[in-house]
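From first to last, the protein sequence lines stand for chains A and B. At the far end of the first sequence sits residue 171, using my numbering, and the numbering has no gaps. At the far end of the second sequence sits residue 334, using my numbering, and the numbering has no gaps.
These aren't lab readings, by the way, just hints derived from the structure by calculation. Don't take every hint at face value.
What the hints assert, rightly or not - Chain A regions said to be covered by chain B (calculated; three or more residues, Cβ under 8 Å):
hint: 1; stretch: 8 to 18
hint: 2; stretch: 97 to 111
Stated by the list, open to error - Straight-line distance between alpha carbons at most 25 Å, and here's what the computed DMTMM-like set of lysine to aspartate or glutamate pairs gives:
hint: 3; chain 1: B; residue 1: Lys-40; chain 2: A; residue 2: Glu-90
hint: 4; chain 1: B; residue 1: Lys-41; chain 2: A; residue 2: Glu-90
hint: 5; chain 1: B; residue 1: Lys-41; chain 2: A; residue 2: Asp-130
hint: 6; chain 1: A; residue 1: Lys-129; chain 2: B; residue 2: Glu-183
hint: 7; chain 1: B; residue 1: Lys-83; chain 2: A; residue 2: Asp-38
hint: 8; chain 1: B; residue 1: Lys-146; chain 2: B; residue 2: Glu-183
hint: 9; chain 1: A; residue 1: Lys-19; chain 2: A; residue 2: Glu-90
hint: 10; chain 1: A; residue 1: Lys-19; chain 2: B; residue 2: Glu-183
hint: 11; chain 1: A; residue 1: Lys-77; chain 2: B; residue 2: Glu-62
Cβ atoms here follow ideal geometry from the backbone N, Cα and C, with glycine treated the same way.
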Amino acid sequence: MEKVLQVLNRMQADGVIAKFAIGGGIATIRYLEAHLTDDIDVFISPVVVGDNGLVSFGRIYKYLQELGYYPEREYIKIEDWLVQFVPASESVQEEAVEQADRVAFAGVYTLIFSAEHLAAELLRSGRPKDHARVVALLESEQMDMTAFRDIVTRHGLAETWKKFSSQYDLE
Amino acid sequence: MSSEPFDPNAITVEGIFRAKLARRQRLAKLPFEQKLEIVKKLQQVPIAAMRNEKLIFASFLEADPEPGDEIVDWDVVEDWYAKRGLEPPAAPFDKRPDIIAVTKSRRKIGVELKSWVNREQITEARKQERIQENIQKALGELPPNKTEQIGCVWLDPKQVRFDGRDAAAFREQLFQLINEVDEEWSEKPASRQNSFEDRRDFSRFSVLKKYLKGARFHPATRSPLNHGWILFPSPGGHYSPNEMRETLKTALLAHRSDKKYKGLRTNVGLDEVYLLVHYDFKAFAYNTPFDAPGFGFEHAAEFAARVLDDSGGYFDRIYLFHFLSGQEEAYRLL
């Protein structure tokens with residue numbers, strides 16, 4: 001894992017990506033118990049759009065290939081981890097990258113979504129497993145609920161949160 | 001694990017859930033590095049096998065062969081250690097048995113899962129499937145059945161590898177043969193026109209001869225098949241259920257005295273070790289049936305219990321489980 005973090009930091013230092021933060025399953029594991037996850041979701045910001053109007057990963061792929069890391073399906077394999085670069089296209093993702101926590105892992109610093117941003121993003125994406133994790137994050141009592149409610153309100157998720165909290169009898 | 005004295009009579013459902021939550025909270029507090037080590041361990045487990053074991057055991061519990069000291073917590077072995085942040089015993093006992101469970105009275109049970117299958121039959125059936133797939137690929141998309149007399153054609157392939165370079169010639173010769181049979185059909189005596197015709201002499205069709213033992217032409221007496229009218233008959237004919245019973249007998253006797261289970265109880269710290277033999281989709285799909293009129297799964301279990309003759313070898317209990325959706329049945333053999 002530390003090798004992946006070193007590569008991400010190097011990509012940032014070399015200007016291949018501007019800002020990044022780890023979200024998804026790995027971020028969840030920072031706050032909850034470990035569970036099986038196949039990949040590392042690296043959210044990148046700003047989103048680079050190519051001439052064809054599609055999100056451009058060309059520079060990232062080219063840079064990593066030169067380091068000997070090649071695509072595998074939608075991922076790039078860096079050492080023994082599958083890494084997926086996800087454009088932070090939603091405002092809540094963008095803010096999650098912007099305000100990510102700086103965390104040391106085996107002596108290497110990296111950026112990981114805060115528990116509040118992670119819960120808001122999971123609430124937004126809305127798959128059953130995401131919602132289960134929102135409940136687990138709330139139960140973990142690691143979240144600043146005022147900050148979370150503020151994120152939810154500012155990113156247009158207030159109605160989703162209202163329904164969710166009423167469904168799970170949370171507030 | 002709590003250091004308070006455990007009173008099995010005081011356990012409540014609420015207590016079980018509280019304990020689960022406490023465990024999750026404790027695991028959540030592990031250092032991030034340690035949690036990612038757990039993730040790496042989980043990634044190394046053959047997931048398909050693990051999921052299958054989970055499905056089988058969950059279904060077995062639902063079949064509830066023996067209500068009583070019910071199982072309140074369980075996992076496949078890799079998850080048992082990884083999820084709980086426990087240090088597994090030294091190899092090879094770190095991966096044995098397949099399932100670790102705890103009962104309501106806090107007894108720690110190990111369950112080894114074994115499949116009741118005839119592997120030789122499966123190998124043979126799969127080989128046959130591959131040959132059929134290759135021939136189907138060679139035939140490509142079938143044209144509609146334009147014959148006048150033939151309803152469908154059954155092919156009986158030889159056990160040989162299909163060389164892709166023969167595909168075009170195979171297709172051409174097969175349709176040539178079908179046309180010939182169709183044209184000659186009306187010349188047959190009327191009494192034979194309503195029954196099938198077998199062709200086994202392919203001396204004029206060198207490529208068919210290479211790949212086919214025979215072909216059976218069925219008359220178009222009923223509504224003819226237009227799609228999939230060239231096919232392979234299902235393996236059928238006579239079979240003996242004794243073959244599968246013999247497979248079960250051999251497997252039970254071999255498993256109960258398999259030396260790899262020696263010391264399992266002490267090395268893993270189990271109170272009891274169970275063997276769960278299951279009959280699953282693989283056996284259903286590829287093996288000859290075990291059942292016969294008047295002989296169902298319950299009778300197979302009685303037969304198996306007689307085979308064991310009250311001796312489980314390294315196992316304290318042995319179960320036989322029918323793991324097919326909607327047909328779940330489980331029996332304790334000893």
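Evaluated hints:
Check on the stretch 8 to 18 of chain A: 0 of its residues sit with their Cβ under 8 Å from a Cβ of chain B, so the three-residue criterion for coverage is violated. Judged by the Cβ-Cβ criterion of 8 Å, the stretch 97 to 111 of chain A is covered by chain B as claimed, because 3 of its residues qualify and three suffice. For the given pair, Lys-40/B sits about 30 Å from Glu-90/A by alpha-carbon distance, which is inconsistent with the 25 Å threshold. Restraint check for Lys-41/B and Glu-90/A: the C-alpha separation of about 33 Å exceeds 25 Å, so the hint is violated.
At roughly 23 Å between alpha-carbon atoms, Lys-41/B and Asp-130/A fall within 25 Å of each other, so this suggested pair holds. Restraint check for Lys-129/A and Glu-183/B: not satisfied, since their Cα atoms lie roughly 63 Å apart, outside the 25 Å limit. Proposed proximity of Lys-83/B and Asp-38/A is supported: the alpha carbons are some 16 Å apart, at most 25 Å. Between the alpha carbons of Lys-146/B and Glu-183/B the distance comes to roughly 12 Å, so the proposed pair stays at or under 25 Å and holds.
For the hint pairing Lys-19/A with Glu-90/A, the CA-to-CA distance comes to about 15 Å; that is within 25 Å, so the pair holds. The hinted pair formed by Lys-19/A and Glu-183/B fails the criterion: a straight-line CA distance of about 75 Å is larger than 25 Å. A distance of roughly 41 Å separates the Cα atoms of Lys-77/A and Glu-62/B; the hinted pair therefore is violated under the 25 Å criterion.
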